[in-house]
Each structure stands twice: as structure tokens, then as C-alpha cells.
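Chain by chain, the residues:
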Amino acid sequence: MEQTEVTLPFNLRLKDALKVEVGYERRTLKPESLSTAIRISGSLGVTFQDGHSPTEPPVVKRGKADPVAIVALLRMFSDARFFEMDEDQTDPEADVSRMLSLSIPGRSKRVEFSGVEVEPLDRLIGAIWLTAGLRVPELFQSKA
Amino acid sequence: MRIGRKFACLSVYISVGVLPLFPRDIMPSNDSGKTSQSEAPKPFGLEAKGLKSTKILLAVHVPKSGMGKEQLEILGDGTVRLIRSDNYKAPDKVFGGKVGPECVVALLALFEREDFLALENAYTTKSPIKVTWQIKLGLPTGEKSVYAESGSEPQAFMRLLGAVKVLAGTGDPRALSKQYFPYL
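One line per chain: the protein sequences are A and B, in this order. Quick note, this note's numbering runs 1 ahead of the 1-based positions in the first sequence. Quick note, this note's numbering runs 246 ahead of the 1-based positions in the second sequence.
Treat the hints with care, as some may be off.
[As the list claims (entries may be wrong)] Some chain B residues close to chain A (C-beta under 8 angstroms, calculated; not the full set):
#  : residue
1  : LEU353
2  : ALA355
3  : PRO386
4  : GLU399
5  : GLN401
6  : MET404
7  : ARG405
8  : VAL412
9  : THR416
10 : PRO419
Note that these hints are calculated values from the structure, not bench results. Just so you know, these numbers come straight off a predicted model, no measurement behind them. For glycine and all other residues, C-beta sits at the position ideal for the given N, C-alpha and C.
The whole structure should be built from the sequences, with the hints applied where relevant.
So, in C-alpha cells, the structure goes:
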């Protein structure tokens, strides 16, 4: 029988998957500071925080993490060479700022960007939205 | 770690022990777990019957001599089909796996959120190197394809591309392998 090699991205071991954290945040800077955030944690699950209103506290939704999807998501971060990206790709004139972060055992990185189209980052954002939405479908109704 | 090929896709991860690393007792107690029917969105107004006939396709077309096919398909019943060929003359190799139908609902919800049906049919660039992406959404009411040349893609298109890829990779990790899909 043909054999298939199973490896995790970033040379992680299987037990390391519990320690993985992926974050996405979108923050409006003008006219008001509002933020929408997604956090996907191998141990704590999915958290979606929707701060779409300046007068109401953010709505927080939680769900369990899908480990298979997290591994797929990690593979996309690896393909995008996330750890080699510039950390600051922001435009001070932009109205919206976005942030992606990845934390794995021994390494973590946060990339902030605004005002520019960064194709690999948009791919990752879509992958994060889908991975989180598998367990917190309410986020698809978010206005943010 | 080596396992038999027949345990590809979801079962790969189960068999190599990823799932046992997420035992119930370490999960937040207030989590609801899987999407419930009442919570699940019904994108594009689809009911169960209509969902089964939906199809999402992602392909890349590379202007390279002898270039083969690279294509991912996700069907409404959760079937993930990976299609590739070594060159334009070679026969298609089709393989793949499965995701839950609720995962397809989530993907369709993202398509609706990104207003896929309102995208242009084609995005072009003046670049001489024209790698072209295609995303096609098939619904019971019809289908829509969007073609985007590399460098011209709108953000919504790229987000959907990433979402399709990660879901296909959840069904079969080979969807995310450069060995199988070097350009996708």
C-alpha cells in the first residue's frame, strides 16, 4: 500500500497544535474606533468579538475549535511565509486598520496593515473567517 | 509518522491523533460545539434540497507551455474533489475527501457576505504574466464565474479564494500541498 507522510506546518508536533493561536482584528479609526476581532486558539476555541456599535458593548460569541481546520489554516500561514512578512504595512491616512497574528510554540508574529491591498493577507483573512465561522456562524451576519 | 493512503483527509488527522489533543474537558464549558440548525444561516435562501445541488469551484489557469489542470471543487453534500493533471494532454487525476454539509453552508454564507454575485465577471491587468484565477458558484438558480488575473483581484475575491482553499484542505490536506497544486 502506498504510504503518505503526515507532517504539520512549521515543523510542529501534534501536541503543539494545542498551543497555536491565530488572531484577526479589523479596526476603524475614523470617525470612531470600533473593532471586530477573531481569535482561534487550539486550546480555548474560537472567539468572535463584534464591536460594531459605539454605544453598546461588543458582542462576544464563542465556539469550539475545529482541529482539522486549524491545521489547514496553519498550512496556509506557512505557504504565505507569514513569519517573513513586514510587521508594519500601515498607511497613516487610512480609515481602517487590520491586524493578523500567529503564535506557535517558540514563535509569534503580528502584522498590521492598512490602505494597501496585500494579496496573501486577504487570502489568510478569508481562511480565518471561514475557520471561525465553521463554529461561530453568527460572524457571517456581522456588519463589520 | 506514516499512515495508509486510504486514511486520507479528515481521517488522517483523526488517526494520527490530532483530535484526542482537544479533549472535551479542556474546552470552554459554555461552548455550543457544532453549529445547530437554528443558528445555521441559510445563505442565498437555500433549503436542504437546494444546498445539495450547489457547487463551488476554484481553478487557476497559468499561461505556461504544457501546463496541466489545477482545480478544487466543493459540492453541497460536502464532497471535496481535487482535480489535477500533469500537463494539458494528460488525463485528469481526481481525488479528494469530505467535509460536513454544515461546512459548505458556512462557506456559502461567506460568499453571500462578500457579495460574490455582485462581483464583476472578470478582473484584468496589463501585466504580460497573466495567471488567472477562477471562482465559480453554482446554485439551483444558476451559476456565476469570476475570473481575476493576478494583480487585479479585489479583496473579496482573494478572501473567498482563501476560504475555499482552507475548507478544501480540511477535507483533504493535499489541496494545500504545493506538490499537488503548485500554482493554486
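These are the hints, each one checked on the structure:
1. LEU353: 6 angstroms, holds
2. ALA355: Where the cut-off is 8 angstroms and the nearest Cβ of chain A is about 4 angstroms from ALA355/B, the hint holds.
3. PRO386: 20 angstroms, violated
4. GLU399: 7 angstroms, holds
5. GLN401: 5 angstroms, holds
6. MET404: At about 4 angstroms, which falls below the 8 angstroms cut-off, the nearest Cβ of chain A leaves the hint on MET404/B intact, so it holds.
7. ARG405: Holds, because the Cβ-Cβ distance from ARG405/B to chain A comes to roughly 3 angstroms (cut-off 8 angstroms).
8. VAL412: 4 angstroms, holds
9. THR416: Cβ of THR416/B sits 5 angstroms from chain A, so the hint holds.
10. PRO419: 7 angstroms, holds
Hint 3 from the list above is the single one not met by this structure.
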